[in-house]
Amino acid sequence: MASPLSNGRSPLLEVGDLSVDYVTEAADVRAVDHVDLEVQPGEFLAIVGESGCGKSTLLFAIAQLLSPPAEIAGGTVVFKGRDMVKLTEDELRHIRWRDYSVVMQSAMNALNPMKSIEGQFRDTLEAHDSMSRKAIRDRSAEVLHLVGIDAVHLKSYPHQLSGGMRQRAMIAMALLFTPELVIMDEPTSALDVVAQRSLMSQIKDLQRRLGFAVIFVTHDMSLVRHYSDRLMVMYAGQVAELGATGSIFENPLHPYSKGLLDAFPSIRGPRRPLTGIPGSPPDLSRPPSGCRFQPRCPVAMAQCVATAPDLYEVGGTRVRCLLHADAPKDAAAV
Amino acid sequence: MTIPMTPEAGAPVAAAPGSAAAPGSAAFRRFVQAVLRNRKATAGLVILALMSIVALFPQLFTNVDPQATIFDQQVGPSAQHLLGTTQVGEDVFAQLIWGTRLTLLITVIVSLAATVISVLIGVTAAYVGGMADRTLSLVTDVFLVLPTLPLLIVLTAYLPSGSLTITAVMIATSWAFAARQLRAQGLSLRTRDFLEAAKVRGERRSYIIIVEILPNMISLLVASFLGLAVFVVGFAAGLQFLGLGNSTELTWGTMLYYSQQNGALESGNALWMLAPGAAVAILGTGFALLNYAFDEIGNPALRPVRRRRGKPA
Amino acid sequence: MRYVARRMGLFVLTLWAALTVNFLIPRLMPGDEATAVLSRMKGVNPAALHALQVEFGINTDQNVLVTYFQYLGNCLTGQFGLTASRVPVMTDILDKLPWTLALVGITTVIAFAIGTMVGVLSAWRRGGRLDSILPPLLFIVSTMPVFFVALVLLYVFAVTLGWLPIASNYELGSTPSLTLGFASDVVSHAILPGLTLVVVTAGSWIYTMRNNMVTTLAEDYVRMARAKGLPGWQIMLDYAARNAILPNLTGFAMQLGYVLGGSILVEYTFSYPGLGYLFYTGTTNHDLPLQSALFLVYTLAILICVLIADFASAILDPRTRDS
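Note that the protein sequences, when read in sequence, are chains A, B and C.
Quick note on numbering: the first sequence equals residues 1 to 334 in the numbering used here.
Quick note on numbering: the second sequence equals residues 1 to 313 in the numbering used here.
Quick note on numbering: the third sequence equals residues 1 to 323 in the numbering used here.
The following block holds chain A by itself, in its conformation from the complex (with noise of 0.2 Å):
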């Protein structure tokens, strides 16, 4: 196992050299390229980039959630100890849902629109545990309590609740086993701005209560910003940026974390032509010589075409730059 971040805890998830393919027939596409990050107990870890940058699959990756064509190409998912990726399916349904959940985009999709709520409450607590009907019943009743969800609401089919209660009932899954780690893959993405705002909170308030970890993928960086401990920025399926939530905002060190933040205007500073990024992601199939991000970076310089950077060690941010090359590299980089 690799070295602690913070404070000589050891962590409760450590993502080694980890790379994920999409094996097609025309020719392989890395969609995760050699990504190291940790998560420490209770920690909310934020990552964020473009649509197609490899976050979703990172995640899934890590949950252990692939299927064809994707496929773990190197690499270890270093979970309480345990690496997952070695593990078989049998060994993994141990530890499914108990020790680490997910929660995915949609409700709509994510639940079985055939079965009741509490159907699949009952689905996921037979699963792993033996409990009688009634405390099943008080289980599930007591999760949905905790998002904020009338447990008459059990009955119901997903298609009929409303978006966002469908969510929080999806987070009140999550919950069943009350896990130390909660992936989540842009629970809020299909809500309006006020109801991500609610959920957020009532995620940051049940994760201070129950005291588990969060993996949070999102590709608004805003959204994040008061929530997250640390936070990782993702491009072309490579760690761009990885730190403190707060340091990163206050000072990007990578281009792109700069240009991310500066597509976002203040609601209260002063007004200023809105910025982008010029230019789209990268083909995975075939990526950018050298830096993947060169042909969009405005301080792009001659040899960031020549030589794909390392991530480098900034005080306590790491970031794939070539700026800032000259500090010492990181022990667990590629």
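Misleading hints may appear alongside valid ones.
[Said to hold, decoys possible] Pairs of lysine to any residue, SDA-like flavour, derived with a Cα cap of 20 Å:
1. A:Lys-115 / A:His-159
2. A:Lys-115 / C:Trp-233
3. A:Lys-134 / A:Val-152
4. A:Lys-115 / C:Pro-231
5. A:Lys-204 / A:His-145
6. A:Lys-155 / C:Pro-318
7. A:Lys-204 / A:Asp-192
8. A:Lys-115 / C:Phe-311
9. A:Lys-115 / C:Leu-246
10. A:Lys-80 / A:Gly-16
11. A:Lys-115 / C:Glu-219
12. A:Lys-115 / A:Arg-133
13. A:Lys-155 / C:Ile-315
14. A:Lys-115 / C:Leu-237
15. A:Lys-115 / C:Asp-317
[What the hints assert, rightly or not] Here are a few chain A residues that sit away from chain C, every Cβ distance over 12 Å (derived from the structure):
16. Pro-41
17. Leu-154
18. Gln-196
19. Leu-261
20. Ser-266
21. Gly-315
[Claimed, not checked] Listing some non-contacts, in silico: residues in chain C with all C-beta distances to chain B over 10 Å:
22. Arg-2
23. Arg-6
24. Gln-53
25. Pro-88
26. Met-90
27. Met-117
28. Leu-130
29. Leu-161
30. Ser-168
31. Pro-176
32. Val-199
33. Ile-308
Calculated directly from the structure, the hints in this document are not laboratory data.
All C-beta atoms in this analysis are idealised placements derived from N, C-alpha and C, irrespective of residue type, glycine included.
Assemble the complex: chain A is given as a structure, and chains B and C must be docked to it using the hints.
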């Protein structure tokens, strides 16, 4: 039936991330490549091509007059008569070759016409909506439920027997299924933005239907045509087998009729019956292979899975 | 409740449409043509011809509407006239009905069961041996015309190998009785026709089921079920198969029209004296009363199946209940 049940027949399920969109001609080239690379599609095309050649140039395959009753009667296969002879002394092989033409013609005409009708009705219903839609849908549903073969038998009872009747009757009874599929897809396309854009541009409704909607339904149209062809091949032959065709016309179906009437299976020249039957089956399989291949090409999730390493799903 | 009412309404409407189509067909033919057709019916003399003309409304000056309602009434009470052999049509039909019902009914159930199981399993084990061999093979067999499968089976097993009887539903000359011997005779006669129907029906259903299952397996809630650590068989059946079958139950019922048509050809090939064979002899005898009655019987059969499928969908799928 291989016509997909969902409206969005062409929506890919597992898309590799980060792949940029390809412009029109490149997409077409990739499509052709996909077709050629798919073994089923190639097999289907070979079958259909072979049948078409036989239909167009039967003289290349035999120089015997199929209706000449000069040979020994009801004789089994031999070097002279590859498939034996009929009860009146015609050469079975020659009949098989020459019968291809009319059989193929009926199949293609019925499938094309039925597809055209189903497009007209299905797309109009989807796009025009309202009362017209409800009426057309009702008519379609009724035709859909009416059992085809019994209806065919009843109709052919009243009409002069022959290929024309069979063609007309089959067209009238087989458009309903595809019409329903096309209406479903039409409905899903109807709310798409590019149609709104066309409307705002001020295009006429007929223009929108023909130029904007139809190209998007091509995959479903082709699937409908192929699916229909599989069905028509079998049923047209079946009708003739029962004796509802014109027994003076030469098709594989009428060959089956005569061989059945003369007990070919039991009396030693079974090939007289099995050969046209096999021909019908092979033709149907050719269309079906193409249809199967189309399903796979259009929906990548259905393609054969390549297992490399790692745990099974 | 509203759903039930709507489905029943559609049922009645389609039935009425079928009855009307059946009524109109002979009447839409030009007068002389129709008479010529009628006179081709076996066993027709001038008196019988006149009766037929009245029955089919040709060359009479009876009020069409009156005849129409008489016709509807007759249909509902099962009065379809007399066949070419001067037997009431209804009697003939009821006589042969159990044979076809048993043959088609049992084979459909078997085919559905086999088709679902194989389709589900082969999609579940994508890329396994079952998936690469069985679906393409069965698909090809299922696209073959029904009569060809029947002919091949007949030729191989009955004519060449002699394992099974060539024709009919039981040995000619023996009297039906409730003995084991008679029962096994019936079964041995039903095997080849039954096998034909099972092969053709199951083949196409396996293909459809497999494709639907593959699409369903890609859904998020299946991935979610995996994430929750549910046992594999539960995911396969409870989360995937159930969601894959239900939307297509009605489609399966509609396919029955094709199966019923196929059963006519099968009965003809095996000389199995059910409704299908009756239909065939009706065509050779130009027996119009019999043919039009049989058409209605087949239509009714499909409508009932579609209705059952719709109700099954409603019971099992919560979404249709609310729509």
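Hints versus structure:
1. A:Lys-115 / A:His-159: 10 Å, holds
2. A:Lys-115 / C:Trp-233: 17 Å, holds
3. A:Lys-134 / A:Val-152: 15 Å, holds
4. A:Lys-115 / C:Pro-231: Judged against 20 Å, a Cα distance of about 17 Å means the pair holds.
5. A:Lys-204 / A:His-145: 16 Å, holds
6. A:Lys-155 / C:Pro-318: Given pair Lys-155 of chain A, Pro-318 of chain C holds - Cα atoms ~12 Å apart, limit 20 Å.
7. A:Lys-204 / A:Asp-192: Holds, because 18 Å separates the two Cα atoms, which is no more than 20 Å.
8. A:Lys-115 / C:Phe-311: 18 Å, holds
9. A:Lys-115 / C:Leu-246: Measuring from Cα to Cα gives roughly 13 Å; hence the hint holds.
10. A:Lys-80 / A:Gly-16: At roughly 14 Å apart (the allowed maximum being 20 Å), Gly-16 of chain A and Lys-80 of chain A satisfy the hint.
11. A:Lys-115 / C:Glu-219: 15 Å, holds
12. A:Lys-115 / A:Arg-133: 17 Å, holds
13. A:Lys-155 / C:Ile-315: 16 Å, holds
14. A:Lys-115 / C:Leu-237: 13 Å, holds
15. A:Lys-115 / C:Asp-317: 9 Å, holds
16. Pro-41: Its Cβ never comes within 12 Å of chain C, the nearest being 21 Å, so this holds.
17. Leu-154: Fine: 14 Å to the nearest Cβ keeps Leu-154 of chain A off the interface.
18. Gln-196: 20 Å, holds
19. Leu-261: 31 Å, holds
20. Ser-266: About 35 Å separates Ser-266 of chain A from the closest Cβ of chain C, which puts it past 12 Å; holds.
21. Gly-315: At about 36 Å from chain C, Gly-315 of chain A clears the 12 Å cut-off, so the statement holds.
22. Arg-2: At about 17 Å from chain B, Arg-2 of chain C clears the 10 Å cut-off, so the statement holds.
23. Arg-6: It holds; Arg-6 of chain C is separated from chain B by about 13 Å at its closest Cβ, greater than 10 Å.
24. Gln-53: 14 Å, holds
25. Pro-88: At roughly 20 Å from the nearest Cβ of chain B, Pro-88 of chain C sits farther out than 10 Å, so the non-interface label holds.
26. Met-90: 17 Å, holds
27. Met-117: Holds, because the least Cβ-Cβ distance between Met-117 of chain C and chain B comes to about 19 Å, which exceeds 10 Å.
28. Leu-130: It holds; Leu-130 of chain C is separated from chain B by about 13 Å at its closest Cβ, greater than 10 Å.
29. Leu-161: At roughly 13 Å from the nearest Cβ of chain B, Leu-161 of chain C sits farther out than 10 Å, so the non-interface label holds.
30. Ser-168: 14 Å, holds
31. Pro-176: 26 Å, holds
32. Val-199: 13 Å, holds
33. Ile-308: 13 Å, holds
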